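Grab the two chains, each in its own frame, and use the hints to assemble them into the complex.
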Amino acid sequence: MSNTFTKRELRALNFRWMWHSQIGWNYERMQGLGYLTTMLPVMKKLYADKPEAMKHALYSHSQFFNTQPAMGDIIVGMNIAIEEAGGENAIDTATAVKTSLMGPFAGIGDTIFGMIGGTVFGSIAVSTAAEGNFFGIGLWTLWNLFVLFLLRPKMFDLGYSQGIKLVTTMAHQLKALTEAASALGVMVVGGMVATMVNVQFGSAKVAANVFDFQVLADKIMPKLGAAALVGLCYWLLGKKSMNSNKLIIVVILIAIVGAYTKFLIFK
Amino acid sequence: MELQFWQVLLLTVWSGVAMLDALSFNIGMNGIIQTGIFTGLVVGDVNLGLVVGGTLQSYALGIGTYGGASIPNWTTAAMLVTALAGGMENADTYITLVGVPIAALTIQFDVMARFANTAFQHRADAYALKGDFKKIELMNWLGTIPWSMSRALPVFFALLIGPELVEGLSKAIPAQLVDGFRIAGRILPAVGFTILLRYLPTTRNVQYLLIGFVLAAYLSIPILGISLVGLAAAVMIFKKRTEEVAVVSGGDEYDE
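For the record, the sequence lines run as chains V and G.
If you're matching positions, the first sequence starts at 1 in our numbering and goes up one per residue.
If you're matching positions, the second sequence starts at 1 in our numbering and goes up one per residue.
If we strip away everything but chain G, and leave its shape as in the complex, we get (with noise of 0.2 Å):
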């Protein structure tokens, strides 16, 4: 879809207020299924923005950047996914072939931000050793210039030229193909889940794990009632283990 400067514009500024809230009072701004219905509604269409969002949410459910390690950007994937398949015949198609790559090249720039802001560490040290607190406060202020650019300059460019390149894609693509790519979007959710299950002690709660595959799959209940079957279950797991706690240092003051 053919972009006014004034989206671009909004885009951009969004991608880069939205990662600082990412970092700090996480409201949600950087969330995937919000910055894709954000993008839905400055392009007109808000429904896909909603399914572009949960479809590339569902690659990435549970994944932080624990550690401070870099990881696939999807939220910057739903935004230009969105702008880009707006309006497009077959915008499902869209999802997993513009939007993995997409996540997957702009790691890059997170990283840059994350070595970039060194330069102010070492200017803030200098300023630590003389005392001057409104210097390393400035110097930790800076550190926003190179995250927010990491998340807008990508997005920026990226609106500019890309709509020329889906354009061209979605020519020279074949249909065998394109099939296989809508085929992708929907098994995909399966890496999600599995990078999910490989961080849970899953081994441990092999039992919950059934639970919730049978109520859905045989009894069709909905994911909001599972949650509130595995809240019975966490419920009863917290007071079980807090109850032996409480036995076992009760037994301790008995000896003494």
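Pulled out of the complex, with its shape left as it was, chain V reads as follows (with noise of 0.2 Å):
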């Protein structure tokens, strides 16, 4: 029986980790569980006869893992390779180099995943679906098509056949993704902001005088009720005693209250 993976075995494996990485997840080890079971295979055909090696990769793969999944694509890809050059001696090698990685990959991976899917692609989708539209939402699951289908398959690629040289190589690529597709995202939030927080104002008489609050808003800049409730809440977010919970409950206290004063009025 040969040591190396063919083609077809290294794509079993990927699909084996998109697949297992997380549907045993727990809190003890996390994805670690996920992880032993995707390397199944790989140690069976590298250790299958070295009982004493074989002992030693199942308690390294058992350890705690959790990274974002499809840069753990990337790590399993590496580990793969690692131990398929250099043989048992190489598994505390790759253990060393897979709980380096899941830390930063994990920060990487849901900056930039995160970002790219739930901001970008969300917010099309959020925008076009109040309009009763559906090419915002079939076009995020085109993105998740070609993530599944090509990209992280291409990710796993890149781990196997760089190895251990791909950290040097793509650390300062990824910083400088992580900026740039932190910057789209910024900025596609500051679109969300006008174009789907509805404030409403009313008015109010005073005397024999109606202030329209709304006129006198729009007077100012177009969406300030939008711009001023984000800033209150991204404030109010800053202390420490809220969090995003909390923070529902005072927006919905603060409709409720406007709607009852009409400060604030649907329309």
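Since the hints were made in silico from the structure, they are not lab data.
Hints may contain errors.
Listed next, the in silico DSSO-like pairs over lysine-lysine satisfying Cα-Cα at most 27 Å (straight line) [stated by the list, open to error]:
hint, chain 1, residue 1, chain 2, residue 2
1, V, K165, V, K7
2, V, K219, V, K165
3, G, K135, V, K44
4, V, K219, V, K205
5, V, K50, V, K7
6, V, K50, G, K135
7, V, K55, G, K135
8, G, K134, V, K45
9, V, K7, G, K134
10, G, K134, V, K165
With beta-carbon atoms standing in for the labels, derived distance ranges [what the hints assert, rightly or not]:
hint, chain 1, residue 1, chain 2, residue 2, range
11, V, I164, G, M88, 19 to 29 Å
12, G, M236, V, N89, 43 to 53 Å
13, G, V17, V, F134, 15 to 25 Å
14, V, K219, G, M236, 28 to 38 Å
15, G, M88, V, V250, 22 to 32 Å
16, V, L158, G, Q176, 29 to 39 Å
17, G, S70, V, T99, 17 to 27 Å
18, V, V210, G, K239, 24 to 34 Å
19, V, A207, G, I161, 45 to 55 Å
20, G, A232, V, G87, 42 to 52 Å
The structure displayed is predicted, hence computed values, not measured ones.
We treat Cβ as the ideally placed atom computed from N, Cα and C, and that holds for glycine.
Have a look at this one:
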């Protein structure tokens, strides 16, 4: 039996990671059980006739692991390449690599995937859905399929073919990519604040004069109410005792009090 | 809306399977909008599903379960609101009134699933000592049960008892409060955007926040157009940053 993996086996291992990575997720080892399960065929191939190495590998791959799943493709690819090349002596190297990469990769992956998927495609889907239009959600689905069938396999192959070298060559690019994606995300949020947060001021009668607050606000700038509300929320969320669940309650209370006093209206 | 049993069953199964998709291949079945649309198809009001999903999604943009944290379950909320408010008058009132408590109450089921799986982890550890590959893999597979049940069970029971609760709610609630909740539905997206802004490096990128706001508020450019402007900015930043690195490392070589 040869000790190298065919393209087909590698592809199967990649999809094995995608499926197993989180279905056994638990508070104790997080993706650790999924990682171990993914690596079983690798161990079978490399250490079938080396009981000591097998024991060592089973123990190493059972350890705590958690990262962003798509970034995990790169790590699993690297790990397979390292053990394939170095055998049982490389198990500790592989463990060190995966343990040191999971944290930073999680941060980068959450920003890039959470940002592009969640903010950009989510925003387009939300604003088109509000008009009863399926375009945005279709676009988001295409992105998901692109990630699943093209991007993630590519990331796995990159990890496998480059091995440890990748850590140094990719570090700069990933940092640049994260910064670029952040700017894109922030700009889209700026647009979404203006289009999706719908604050309609009402009016108040003082003596014989009627003050229409919406007209006054529009004279200052369009979407003043939305900008003010998000500014208020941003400030509130920076407080130690505030969290997002409490913030939802605060905003609902603002709406109810606003409706009662006619300061805010539904239009 | 009174539901047929087959509708309840179909929605229950979808919830469980969609959760597994979210954990693995992530084609988007567990998405808030997608779940709204599917529920709309099942109960015969696709447009309501799209609007409910879109509204709840805007409360939760860019929120993921980073690092294994449990977050409000807007997906289950989208399904239940669409299924229960379908065909009712002022259905949009219920998006906030019913959706927000559901999303908050169902967080606990996520915690329970993540906790339940520790039992399989311990069994797997024992099988790892024996080198029993098949059983290790089985233990990981068993994790699908708590995961899918954590979404399917609340949906199943809520759909069975929900119609009467929502019916009662619609009678008990004063008109003034209805208006309050409808306004809340319009302004709650502010929370989702705020969470995003707190997560993103906003203070360093405040200039892009202003550009996006001005493009939408003053020029009424749709969000897709703003994304393209953002993409242009992102490309420029990426090029500049990678060139900077190239120049720096080029300098190093020169020194040698």
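Hint by hint, here is what the structure shows:
no.: 1; hint: K165/V with K7/V; verdict: holds, 21 Å
no.: 2; hint: K219/V with K165/V; verdict: violated, 58 Å
no.: 3; hint: K135/G with K44/V; verdict: holds, 14 Å
no.: 4; hint: K219/V with K205/V; verdict: holds, 19 Å
no.: 5; hint: K50/V with K7/V; verdict: holds, 25 Å
no.: 6; hint: K50/V with K135/G; verdict: holds, 20 Å
no.: 7; hint: K55/V with K135/G; verdict: holds, 16 Å
no.: 8; hint: K134/G with K45/V; verdict: holds, 15 Å
no.: 9; hint: K7/V with K134/G; verdict: holds, 24 Å
no.: 10; hint: K134/G with K165/V; verdict: violated, 34 Å
no.: 11; hint: I164/V with M88/G: 19 to 29 Å; verdict: violated, 60 Å
no.: 12; hint: M236/G with N89/V: 43 to 53 Å; verdict: holds, 46 Å
no.: 13; hint: V17/G with F134/V: 15 to 25 Å; verdict: holds, 22 Å
no.: 14; hint: K219/V with M236/G: 28 to 38 Å; verdict: holds, 35 Å
no.: 15; hint: M88/G with V250/V: 22 to 32 Å; verdict: holds, 28 Å
no.: 16; hint: L158/V with Q176/G: 29 to 39 Å; verdict: violated, 59 Å
no.: 17; hint: S70/G with T99/V: 17 to 27 Å; verdict: holds, 25 Å
no.: 18; hint: V210/V with K239/G: 24 to 34 Å; verdict: violated, 55 Å
no.: 19; hint: A207/V with I161/G: 45 to 55 Å; verdict: holds, 53 Å
no.: 20; hint: A232/G with G87/V: 42 to 52 Å; verdict: holds, 49 Å
The structure fails hints 2, 10, 11, 16 and 18 (numbered hints given earlier, in ascending order).
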